[in-house]
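Enquirer: Taking the hints into account, I'd like the entire structure generated from these sequences.
Protein chains: 2
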Amino acid sequence: MHIITISRQFGSGGRELGKRLADKMGYRYYDREIIAAIAQRSHLNSDYVENALETPVWQMPSPTFRHSFSSDSLFQTDQLNLLLEQRKVLEDIAAKGEDCVIVGRNADVILAEFHPLSLFVCASMEAKIQRCRERAQAGENLTDKQIQQKIKSIDKNRARVREMITGSAWGDPLAYHLTVNTSDWDIKSLTPAIADFAQRWFEKK
Amino acid sequence: MHIITISRQFGSGGRELGKRLADKMGYRYYDREIIAAIAQRSHLNSDYVENALETPVWQMPSPTFRHSFSSDSLFQTDQLNLLLEQRKVLEDIAAKGEDCVIVGRNADVILAEFHPLSLFVCASMEAKIQRCRERAQAGENLTDKQIQQKIKSIDKNRARVREMITGSAWGDPLAYHLTVNTSDWDIKSLTPAIADFAQRWFEKK
Chain A
1 MHIITISRQF
11 GSGGRELGKR
21 LADKMGYRYY
31 DREIIAAIAQ
41 RSHLNSDYVE
51 NALETPVWQM
61 PSPTFRHSFS
71 SDSLFQTDQL
81 NLLLEQRKVL
91 EDIAAKGEDC
101 VIVGRNADVI
111 LAEFHPLSLF
121 VCASMEAKIQ
131 RCRERAQAGE
141 NLTDKQIQQK
151 IKSIDKNRAR
161 VREMITGSAW
171 GDPLAYHLTV
181 NTSDWDIKSL
191 TPAIADFAQR
201 WFEKK
Chain B
1001 MHIITISRQF
1011 GSGGRELGKR
1021 LADKMGYRYY
1031 DREIIAAIAQ
1041 RSHLNSDYVE
1051 NALETPVWQM
1061 PSPTFRHSFS
1071 SDSLFQTDQL
1081 NLLLEQRKVL
1091 EDIAAKGEDC
1101 VIVGRNADVI
1111 LAEFHPLSLF
1121 VCASMEAKIQ
1131 RCRERAQAGE
1141 NLTDKQIQQK
1151 IKSIDKNRAR
1161 VREMITGSAW
1171 GDPLAYHLTV
1181 NTSDWDIKSL
1191 TPAIADFAQR
1201 WFEKK
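If you read the sequences in order, they're chains A and B.
Under the numbering used here, residues 1 to 205 are what the first sequence spells out, in order.
Under the numbering used here, residues 1001 to 1205 are what the second sequence spells out, in order.
Quick caveat, the hints were computed from the structure, so don't treat them as lab data.
There's no promise every hint is true.
As the list claims (entries may be wrong) - Computed list of lysine-lysine pairs in DSS-like fashion (alpha-carbon distance at most 27 Å, straight line):
{"id": "1", "chain 1": "B", "residue 1": "Lys1156", "chain 2": "B", "residue 2": "Lys1145"}
{"id": "2", "chain 1": "A", "residue 1": "Lys24", "chain 2": "B", "residue 2": "Lys1188"}
{"id": "3", "chain 1": "A", "residue 1": "Lys204", "chain 2": "B", "residue 2": "Lys1024"}
{"id": "4", "chain 1": "A", "residue 1": "Lys188", "chain 2": "B", "residue 2": "Lys1204"}
Expert: And the structure:
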């Protein structure tokens, strides 16, 4: 069984790369399916699950403050349970024994014993803003500054969640096998290059 | 003309990768030839040139201290001249118009206008120590701690020289197209994977 994990900066095209890579290699693709499975196991709403899993626990309000908002305290308990459920869902995926690409969720660390090929996908801020613009939904009219703030905020949370779960820094090149800067690529052209690399990686093992 | 530049942590196998990549792709390989060319142009000894180019200018002794060692002051003047000569040598290489691999010398930044594919090669400290051990010359008997100190010292200098010349951080994944962690590879198996990637890169341009 071959597992490819993709961690990525928001707007870097990492998700698109994961999807295309799975298509090209005939691998299963996991991304939002993981959130859906966690939601189902926890009898919670998908959006709630996603939000809880992407908000670092220590960004929760202080205990005193929380006291007046009991839902926040509930949220924190949920978060820890959800992290456990996430681990189970990822282990279930691995247990199927199918070749797959998993985007996000720190799957590279949680499934380390299955020796995934782990990729980190990054891009310059300029390229990320451009990519966000291109895939913006109709009616979404953020300024470049607003998009940049969104990118920074999401990536800050991803970095903190990773540090919490894994104890290692997010985006540190030594924590991944390959770090790809997509600034000068369109993802469609990049895909076969990464697919070749992945093939070689799994062959040499 | 295709140029591949390789920046690398000491002991990561980046030089070996560069050599093998050049062999595999039929590209010319430049590494110590550059030092030799600079030495020739400057009528200086190769070892002296290499040392001067790998020592950050601001690590020179203070002016007062230097005063009593006039050779140090000479050294500093030489450094700046050597950086200019290095630029000329790299530009001469590019002017030949041949496909080539260039290891080190911040060639990715100096030759940016030629749009090289720029790689950064890193590895875990453990893997780097192991690699240094394997290629140690007979009679070289450093402890792991001594090897680690050597690696850190050389890489610290490389980082500072890069910052001085380019104003950008050494090893920042956004400063390269691809960052390869060689910890779990032998360089021989890695070479065709990177060669494939490079081929795709130049094809898409």
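Enquirer: Lysine 204/A and lysine 1024/B were given as a pair; does the straight-line alpha-carbon distance stay at or below 27 Å?
Expert: holds, 18 Å
Enquirer: For the pair supplied as a hint, lysine 1156/B and lysine 1145/B, is the alpha-carbon distance within the 27 Å limit?
Expert: holds, 16 Å
Enquirer: What's the verdict on lysine 188/A and lysine 1204/B, does the C-alpha distance respect the 27 Å limit or exceed it?
Expert: It holds: about 10 Å lies between the C-alpha atoms, which stays within 27 Å.
Enquirer: Would you check the hint for lysine 24/A and lysine 1188/B, treating anything up to 27 Å between C-alpha atoms as holding?
Expert: Holds: lysine 24/A and lysine 1188/B sit about 26 Å apart, inside 27 Å.
In summary, the structure agrees with every hint in the numbered list given earlier.
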